[in-house]
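Going line by line, the protein sequences match chains A and B. Taking my numbering, the leading residue of the first sequence gets 1, the next gets one more, and so forth. Taking my numbering, the leading residue of the second sequence gets 313, the next gets one more, and so forth.
Treat the hints with care, as some may be off.
Derived list of chain A stretches under chain B, where covered just means 3 residues or more per stretch with a C-beta under 8 angstroms from a C-beta of chain B [as the list claims (entries may be wrong)]: (1) 132-141; (2) 197-203.
With a Cα cut of at most 27 angstroms, we get these calculated BS3-like pairs of lysine-lysine [to be verified]: (3) A:Lys64 <-> A:Lys116; (4) A:Lys179 <-> B:Lys354; (5) A:Lys196 <-> A:Lys156; (6) A:Lys64 <-> A:Lys222; (7) B:Lys523 <-> B:Lys419; (8) A:Lys59 <-> A:Lys222; (9) A:Lys222 <-> A:Lys116; (10) B:Lys535 <-> B:Lys419; (11) A:Lys156 <-> B:Lys535; (12) A:Lys192 <-> A:Lys116; (13) A:Lys222 <-> B:Lys535; (14) B:Lys361 <-> A:Lys156.
In short, the hints are calculated from the structure, not lab data. Note that the Cβ used here is the ideal one computed from N, Cα and C, for glycine as well.
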Amino acid sequence: MGRLRTARYQTTSYWASIGWSVARAILVSGICFLIIHPLLIKISSSLMTETDLYDVTVKWIPRKLSYQRVADNYLILYREMKYGVSLFNSIVLALLVSCLQLISCSVIGYGFARFKYFGSNIVFALVIFTLLVPPQMIMVPLFLNFRFFDLFGLIKTPINLLGTYWPFVLTSITGMGSKNGLFIYVMRQVFKGQPKSLEEAALVDGAGQIRTFFTIMLPGAKSALLIVFLFSFVWQYNDYHLTSLYLRNTAPLLPFRLQGLTQIFDVYKYSREYVTIVNNTAMLMFIAPLLVMYAFLQRFFVESIERTGIVG
Amino acid sequence: MRYRRLRLTLSRQRALWGLVFTGGFIIGFIAFFLGPMIQSIKFAFNELKINPSGFTLTYVGWENFRYALRVDPNFNQVFVETTLRILTDIPAVIIFSFFAATVLNQKFRGRTLARVIFFLPVILTAGVIYQFESGDILHELHVIATEEEVLYSSRVVTSLFLRMQMPEGFTQYVIMAVNRIPAIINASAIPILIFLAGLQGIPFSLYECAKIEGATGWESFWKITFPLISPLFLTNIVYIIVDSFTAPGNRLVELIESTAWGRNIYGVSVAMTWMYFGVIAVILLLVFAVLSRRVVYMEE
């Protein structure tokens, strides 16, 4: 036994694998540091005082941590951003959009995965096409369509849907929200990878197509659904362009409130250092809900990639 | 109550169900994509004025395109810059994400944590945050510091590469890529996800088989992993381009939006977008022409 062990140390491949492990550890931790670096800056500078920012010797950890000050900063921002209400609104909108997109994209993806009809391949090509066109191209026409919405010429006097959630609802249930082509593509791949026999058994046993879809197909695609939901939610929560197009940027949503802070805390009224502290604290407050959500869902997210067969 | 049932063959029935399931998309496509797109062609050749009761169009021919290319002070520069940036980002992001995916696919301690952090940029890339960060002095200081470091070390790298007789363009590219490492890492999160899913889809038996036949790790990488993952290069290039439309810091998109909503010359902004789309389409066609023949699809 002992001799076998010493023999192991003498092979070059053993040392090569050790070398690679070390190199890999350095690389991976370096990249990880780069990724969380902006986050660390925000956390550390939200805890600092203005004098810490002047101080060259202070890099990450403030010289004197005053809980009172930090709490004050957070409270001021909580008030200025109307954090509670705007966070609630942002989450409600993101939930609405992501749930609708989840339903529509999985239904449409299933349609493309299992049913062939005349021209279905062309229609699927159109799904990809919608992704490749810069959204700015249809931005102005979409704006006008929702500003003077006439339900495709059915209503005599056009109504103004801007400022309501209707544009989000309408584009989401038809799978036309931002990057929905991607979700449809993912769901199609996932459904294609599922065995047909289960579905056929359900059909033979007398379940209709719709029931089969909801009771057999959807539960089998749980992890892919979770990924689609997460992406859709995050993109809506972070979105500024589309949301300001439909709602105007005075809507009580978190991204707009965050942007509004630049007018309240500008460098003419406050010191640059104070503005920096406030900005970093505000950004942290904006990201925090997503970080909390990610912390809860990452287990499913990271594990489930292995089983979704997204790329099938 | 009995009603006459429509008699359909099974394939017809399934076709009908297909239409039911995908019908939502077809309606949405016509109403919220095709319609607006046709309108946007019209807008590109017209001057658009919005008033409270609707909008008016006056035909101006190619005037909008001429304005964008000749009169607008920023468009040409930003347009070329953005296009070049996409072209240079594609290889960098592809190489990095492929490398990262192969590393994350190996077994090592802390792999789960590394994965969690690698996918973090998915939730951290918000346009608003980017805007804030670029105006933040702390962040600026960090950026300046790293740029100085890069500038210094780039001199060393350049002389090294020149001694190794590497082509000048390659050296330039590497230095540019090093300079943009954070941006490239952020753009790589989803490509890594896609590559990783692909790597995990390769049956282990293939590697086992190759090992028994006496293949080294290097050989089985190039003969098994690489070909089987090759379709995903196409997927990822498409994704990188699509992602660049909404990526924060895309100056062309900012210019297009400010032209529309800031200066209210909608026709010009639409004309700009059409030119942007034209260039993107050419890039995609080239990528497909070059790659589609070399891509290997595993038989199902």
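*For which of the previously enumerated hints does the structure constitute a violation, in increasing order of number?*
Numbers 2, 3, 5, 6, 8, 11 and 13 - these are the hints that the structure violates, sorted from lowest upward.
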